[in-house]
Amino acid sequence: DSGVTQTPKHLITATGQRVTLRCSPRSGDLSVYWYQQSLDQGLQFLIQYYNGEERAKGNILERFSAQQFPDLHSELNLSSLELGDSALYFCASSAGLRTDTQYFGPGTRLTVL
Amino acid sequence: TQLLEQSPQFLSIQEGENLTVYCNSSSVFSSLQWYRQEPGEGPVLLVTVVTGGEVKKLKRLTFQFGDARKDSSLHITAAQPGDTGLYLCAGDVNRDDKIIFGKGTRLHILP
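Quick mapping for you: the protein sequence lines, in order, are chains D and A. Residue numbering for the first sequence follows the working numbering, starting at 1 and increasing by one per position. Residue numbering for the second sequence follows the working numbering, starting at 1 and increasing by one per position.
Hints listed in this document are in silico derivations from the structure and should not be mistaken for laboratory results. Hints may be right or wrong, so weigh each one.
As the list claims (entries may be wrong) - In silico SDA-like cross-links for lysine to any residue, where the CA-CA straight-line distance does not exceed 25 angstroms:
#1 A:K103 / D:L83
#2 A:K56 / A:I13
#3 A:K103 / D:G58
#4 D:K9 / A:G40
#5 A:K103 / D:L46
#6 A:K98 / D:L30
#7 A:K98 / D:I60
#8 A:K98 / D:S79
#9 A:K98 / D:L39
#10 A:K56 / D:A95
#11 A:K98 / D:H73
#12 A:K59 / A:E15
#13 A:K98 / D:L46
#14 A:K56 / A:L45
#15 A:K98 / D:Q41
#16 A:K103 / D:Q41
#17 A:K70 / D:L46
#18 A:K98 / D:S38
#19 A:K59 / A:P111
#20 A:K98 / D:Q44
#21 A:K98 / D:G96
#22 A:K103 / D:D1
#23 A:K57 / A:T20
#24 D:K57 / D:D71
#25 A:K98 / D:G42
#26 D:K9 / A:L45
#27 A:K70 / D:G42
#28 A:K103 / D:H10
#29 A:K98 / D:G52
#30 D:K57 / D:L46
Put together the whole structure using the sequences plus the hints.
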């Protein structure tokens, strides 16, 4: 158990819909990272937040957005969903600002039908 | 653009054999990490290497960072079924807060 929690574990929805994925970092960690994992693209970095502020952006689509709240939990919002958005979405946390040791959550499996 | 190439993509060997998997790039990395991921779970960090030429051992696993900090290898001695999983390498370029992952080597150890 990494100490990072993600909900829901599974999510099935239809094209065009909007979903929210939730992540609670390890106690004391200030950085939260979001990743998308698909079979063909591997693990892709989406975005990082540090202590409530956006810190780094990766391959995140404009239809996707994220935020980190004062209690440090984070949400990833995916809108206008397409079939290709079906993937595993992982959240990771680390203590500091840099990409030091990251602890990954169990992931949310999103299926878009 | 895939900055980190991992090879082989798939490897299936008998228990007790040795193996090496590779992680290569044309970019220089400030640090490089190896993770193992099992089905239905998130990646778990195995090791971080930061110095060119560095070698780290974790029981039967030996990790090496290339002298130029562009490549790394993971060697497993006397593989066991519990070593089965997806091995991912990841690195950050110039510590710019973006970590790049390879697509992984899927390892299967046959009992």
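Now for the hints, and whether the structure bears them out:
1. For a cut-off of 25 angstroms, the pair hint linking A:K103 to D:L83 stands: about 21 angstroms separates their Cα positions.
2. Our distance criterion of 25 angstroms between C-alpha atoms is met by A:K56 and A:I13, whose separation comes to about 23 angstroms.
3. Our distance criterion of 25 angstroms between C-alpha atoms is met by A:K103 and D:G58, whose separation comes to about 16 angstroms.
4. Restraint check: the Cα-Cα separation between D:K9 and A:G40 comes to about 10 angstroms, which is no more than 25 angstroms; the hinted pair holds.
5. A hinted pair counts as satisfied when its Cα atoms are at most 25 angstroms apart, and A:K103 with D:L46 qualifies at roughly 15 angstroms.
6. Proximity of A:K98 to D:L30 is assessed by CA-CA distance (about 16 angstroms); at most 25 angstroms being required, the pair is judged to hold.
7. With a C-alpha separation of about 12 angstroms, the suggested pair A:K98 and D:I60 falls inside the 25 angstroms cut-off, and the hint holds.
8. Proximity of A:K98 to D:S79 is assessed by CA-CA distance (about 24 angstroms); at most 25 angstroms being required, the pair is judged to hold.
9. Proposed proximity of A:K98 and D:L39 is supported: the alpha carbons are some 21 angstroms apart, at most 25 angstroms.
10. Straight-line distance between C-alpha atoms of A:K56 and D:A95 comes to about 23 angstroms, which keeps the hinted pair within the 25 angstroms bound.
11. At roughly 20 angstroms between alpha-carbon atoms, A:K98 and D:H73 fall within 25 angstroms of each other, so this suggested pair holds.
12. For the suggested pair A:K59 and A:E15, the alpha carbons sit about 16 angstroms apart, so the restraint of at most 25 angstroms is met.
13. Restraint check for A:K98 and D:L46: satisfied, since their Cα atoms lie roughly 9 angstroms apart, inside the 25 angstroms limit.
14. A threshold of 25 angstroms between alpha carbons decides the hint, and for A:K56 with A:L45 the separation of about 14 angstroms falls inside it, so the pair holds.
15. Pair hint A:K98 plus D:Q41 holds up; C-alpha atoms about 16 angstroms apart against a cutoff of 25 angstroms.
16. Our distance criterion of 25 angstroms between C-alpha atoms is met by A:K103 and D:Q41, whose separation comes to about 7 angstroms.
17. Taking the CA atoms of A:K70 and D:L46, the gap is about 23 angstroms. The hint holds against a cut of 25 angstroms.
18. Taking the CA atoms of A:K98 and D:S38, the gap is about 19 angstroms. The hint holds against a cut of 25 angstroms.
19. For the proposed pair A:K59 and A:P111, the alpha carbon gap of about 20 angstroms is at most 25 angstroms, so the pair holds.
20. As the CA atoms of A:K98 and D:Q44 are separated by approximately 10 angstroms, the hinted pair is consistent with the 25 angstroms bound.
21. With a C-alpha separation of about 14 angstroms, the suggested pair A:K98 and D:G96 falls inside the 25 angstroms cut-off, and the hint holds.
22. In summary, the hint linking A:K103 to D:D1 is supported, as the alpha carbons are separated by about 24 angstroms, within the 25 angstroms threshold.
23. Between A:K57 and A:T20 the CA atoms are separated by roughly 14 angstroms; this keeps the pair inside 25 angstroms, and the hint holds.
24. The suggested pairing of D:K57 with D:D71 holds, with an alpha-carbon distance near 21 angstroms, which does not exceed 25 angstroms.
25. For a cut-off of 25 angstroms, the pair hint linking A:K98 to D:G42 stands: about 15 angstroms separates their Cα positions.
26. For the suggested pair D:K9 and A:L45, the alpha carbons sit about 21 angstroms apart, so the restraint of at most 25 angstroms is met.
27. A threshold of 25 angstroms between alpha carbons decides the hint, and for A:K70 with D:G42 the separation of about 20 angstroms falls inside it, so the pair holds.
28. With a CA separation close to 23 angstroms, the supplied pair A:K103 and D:H10 stays within the 25 angstroms bound.
29. With a C-alpha separation of about 17 angstroms, the suggested pairing of A:K98 with D:G52 holds against the 25 angstroms cut-off.
30. Using a Cα cut-off of 25 angstroms, the hinted pair D:K57 and D:L46 holds, with the two alpha carbons roughly 6 angstroms apart.
The structure meets every hint from the earlier list without exception.
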